[in-house]
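Trainee: Sequence:
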Amino acid sequence: MKKMLGKLLITAGILVFFAVVVKDVFAAGLGFVNGTEADSASAAPRDIDSVVIESDNKDVQIIAEERNDISAGISGDSGKLFVTENRRKLELTTKEKEFQFLNGFNRSSLIVRIPYEYKGDLTVRTSSGDVSVDGNHHLALSGLNAVSASGNMRVTDVRLKDLKVKGASGDVTLSNTISKTAGIDLASGDANLADVTGSFDVKMTSGDLDASLKKVTGPVSVTLTSGDVDLSLPQNGSFTVHAKSASGGVSSPYSFANTAHKEHHQITGSQGSGRHQIDIKTDSGDVTIR
Numbered sequence: 016m017k018k019m020l021g022k023l024l025i026t027a028g029i030l031v032f033f034a035v036v037v038k039d040v041f042a043a044g045l046g047f048v049n050g051t052e053a054d055s056a057s058a059a060p061r062d063i064d065s066v067v068i069e070s071d072n073k074d075v076q077i078i079a080e081e082r083n084d085i086s087a088g089i090s091g092d093s094g095k096l097f098v099t100e101n102r103r104k105l106e107l108t109t110k111e112k113e114f115q116f117l118n119g120f121n122r123s124s125l126i127v128r129i130p131y132e133y134k135g136d137l138t139v140r141t142s143s144g145d146v147s148v149d150g151n152h153h154l155a156l157s158g159l160n161a162v163s164a165s166g167n168m169r170v171t172d173v174r175l176k177d178l179k180v181k182g183a184s185g186d187v188t189l190s191n192t193i194s195k196t197a198g199i200d201l202a203s204g205d206a207n208l209a210d211v212t213g214s215f216d217v218k219m220t221s222g223d224l225d226a227s228l229k230k231v232t233g234p235v236s237v238t239l240t241s242g243d244v245d246l247s248l249p250q251n252g253s254f255t256v257h258a259k260s261a262s263g264g265v266s267s268p269y270s271f272a273n274t275a276h277k278e279h280h281q282i283t284g285s286q287g288s289g290r291h292q293i294d295i296k297t298d299s300g301d302v303t304i305r
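For the sequence shown, the residue numbers in the numbering used here are 16 to 305.
It should be emphasised that the hints constitute simulated quantities derived from the structure, not laboratory data.
Any given hint might turn out to be false.
To be verified - Each computed DSS-like pair below joins lysine-lysine, with the alpha-carbon atoms no more than 25 Å apart: (1) 230 to 176; (2) 104 to 230; (3) 296 to 277; (4) 218 to 259; (5) 134 to 259; (6) 179 to 218; (7) 179 to 104; (8) 218 to 296; (9) 195 to 176; (10) 218 to 176; (11) 277 to 259; (12) 230 to 179; (13) 179 to 134; (14) 296 to 230; (15) 218 to 229; (16) 195 to 134; (17) 110 to 95; (18) 259 to 230; (19) 179 to 112; (20) 104 to 134; (21) 179 to 296; (22) 195 to 179; (23) 229 to 134; (24) 195 to 296; (25) 176 to 104; (26) 229 to 259; (27) 195 to 229; (28) 112 to 134; (29) 195 to 95; (30) 176 to 134.
Please model the complete structure; the sequences and the hints are all you need to start from.
Mentor: As C-alpha cells, this is what we get:
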C-alpha cells in the first residue's frame with residue numbers, strides 16, 4: 016500500500032511539474048510570434064544586455080567564440096526565424112514551417128554564436144528540443160535561464176553569476192561551470208554535474224543525481240523524491256554534510272575530518288571549519304558520498 020501511494024505521489028508530482036514547465040514555456044510567447052522573419056540575425060554585443068531565445072520543436076546550440084557580433088541562423092530548411100531587437104534586448108524565436116510532417120525526420124537547429132566579450136543575460140525556452148551552451152572556457156555571463164518541456168540540456172565551460180535550469184522531461188549536464196548561485200528543477204530525468212563550483216539548489220522528482228563538486232563556495236541543497244545521489248566532494252574545503260534517505264542506504268567512503276553521526280539511513284560529517292552547509296535528502300533512493 017505504501018509503495019503504491021509513493022508511486023502515485025511521484026506520478027502526480029511529475030504531472031504537476033510538467034504542467035508548470037509547459038506553462039512557463041508557452042506563456043513566454045511560443046503561441047504568438049513577435050518579430051520580423053529573417054534568414055539570420057546579427058547584433059553588436061555592446062548594444063545588447065539580454066538575449067532571449069524561444070524555440071518551438073528545435074534544438075538550440077549556443078557557442079561562444081572569438082568574434083565581433085552575436086549571430087543566429089537555422090540549419091536545415093524546416094524552420095523559420097523571427098528577430099526582434101529593442102531596448103538592449105535581442106529576441107530570437109523559431110517556429111516550424113507549415114506542413115513539416117511531409118519532411119519526415121528532417122529537423123532544423125537554431126545555432127547562436129556569442130562573442131567572448133558578451134557579459135549579459137541569456138534565456139532559452141524550448142517546447143521540444145535539446146539545448147547546449149558551450150562557453151569554450153572564455154564565456155562569463157551575468158545569468159543563464161534555461162527551460163525545456165522536453166529535451167536534454169547541457170552547459171559546458173561557462174562562468175556565471177546565476178544559473179537556473181528547469182526541465183519537465185530530459186537530462187541535465189553541467190560540466191566545468193562556475194556559478195555564484197545555481198538552481199536545478201527536474202521532474203523526470205537525470206542530472207550530471209561534473210567538476211562544478213558554486214552554491215547549488217537541486218530539486219528532482221524522478222531521476223538520479225551524479226555530482227562532482229570541484230569547490231564548494233556556498234550552501235548546497237539536494238532534494239529528491241525518487242532517485243539515487245552520488246556526490247563527490249573536494250578533499251580541501253570547509254563544509255558540513257547532512258545526508259538522509261527515508262527509504263534507502265547512506266554510505267560515505269569520503270574521509271571526513273569529523274563524523275558526528277553515522278547510521279544506515281543518515282550521516283553527518285564536516286571538513287575544515289564546516290562553514291558551508293550541504294544538505295541531501297531523498298525519499299526513495301541511496302546516497303553515496305565520495
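Trainee: Now tell me, hint by hint, if it's right for this structure.
Mentor: Verification of the hints:
Using a Cα cut-off of 25 Å, the hinted pair residue 230 and residue 176 holds, with the two alpha carbons roughly 15 Å apart. Note on residue 104 and residue 230: the hinted pairing is violated, with a Cα-Cα distance of about 33 Å set against a maximum of 25 Å. Under the criterion of a C-alpha separation no larger than 25 Å, the hint pairing residue 296 with residue 277 is consistent with the structure, at around 15 Å. Restraint check: the Cα-Cα separation between residue 218 and residue 259 comes to about 15 Å, which is no more than 25 Å; the hinted pair holds.
With a CA separation close to 39 Å, the supplied pair residue 134 and residue 259 exceeds the 25 Å bound. This hinted pair checks out: residue 179 and residue 218 have alpha carbons roughly 12 Å apart, not beyond 25 Å. A threshold of 25 Å between alpha carbons decides the hint, and for residue 179 with residue 104 the separation of about 19 Å falls inside it, so the pair holds. Using a Cα cut-off of 25 Å, the hinted pair residue 218 and residue 296 holds, with the two alpha carbons roughly 10 Å apart.
Note on residue 195 and residue 176: the hinted pairing holds, with a Cα-Cα distance of about 5 Å set against a maximum of 25 Å. With a C-alpha separation of about 20 Å, the suggested pair residue 218 and residue 176 falls inside the 25 Å cut-off, and the hint holds. With a C-alpha separation of about 10 Å, the suggested pairing of residue 277 with residue 259 holds against the 25 Å cut-off. Annotation: proposed proximity of residue 230 to residue 179 holds, straight-line Cα distance about 19 Å (limit 25 Å).
For the suggested pair residue 179 and residue 134, the alpha carbons sit about 17 Å apart, so the restraint of at most 25 Å is met. A C-alpha spacing of about 21 Å is found between residue 296 and residue 230, which places the hinted pair at or below 25 Å, so the restraint holds. Distance restraint check for residue 218 and residue 229: the Cα-Cα separation of roughly 20 Å lies within the 25 Å cut-off, and the hinted pair is therefore satisfied. For the suggested pair residue 195 and residue 134, the alpha carbons sit about 15 Å apart, so the restraint of at most 25 Å is met.
Pair hint residue 110 plus residue 95 holds up; C-alpha atoms about 5 Å apart against a cutoff of 25 Å. Among the hinted pairs, residue 259 with residue 230 is consistent with the structure: their alpha-carbon atoms are about 22 Å apart, no more than 25 Å. At most 25 Å may separate the alpha-carbon atoms for a hinted pair to count; residue 179 and residue 112 exceed this at roughly 30 Å. Distance hint between residue 104 and residue 134 is fulfilled; the C-alpha atoms sit about 13 Å from each other, no more than 25 Å.
For a cut-off of 25 Å, the pair hint linking residue 179 to residue 296 stands: about 20 Å separates their Cα positions. Between residue 195 and residue 179 the CA atoms are separated by roughly 11 Å; this keeps the pair inside 25 Å, and the hint holds. Taking the CA atoms of residue 229 and residue 134, the gap is about 24 Å. The hint holds against a cut of 25 Å. Note on residue 195 and residue 296: the hinted pairing holds, with a Cα-Cα distance of about 22 Å set against a maximum of 25 Å.
The suggested pairing of residue 176 with residue 104 holds, with an alpha-carbon distance near 19 Å, which does not exceed 25 Å. This hinted pair checks out: residue 229 and residue 259 have alpha carbons roughly 22 Å apart, not beyond 25 Å. Between residue 195 and residue 229, the direct Cα distance comes to roughly 13 Å. Compliance with the 25 Å bound is thereby established for this hinted pair. Proximity of residue 112 to residue 134 is assessed by CA-CA distance (about 33 Å); at most 25 Å being required, the pair is judged violated.
Distance check on the hinted pair: residue 195 and residue 95 sit about 36 Å apart at the alpha-carbon level, beyond 25 Å; violated. At most 25 Å may separate the alpha-carbon atoms for a hinted pair to count; residue 176 and residue 134 meet this at roughly 10 Å.
Checked against the numbered hints given earlier, the structure breaks hints 2, 5, 19, 28, 29 and satisfies all the rest.
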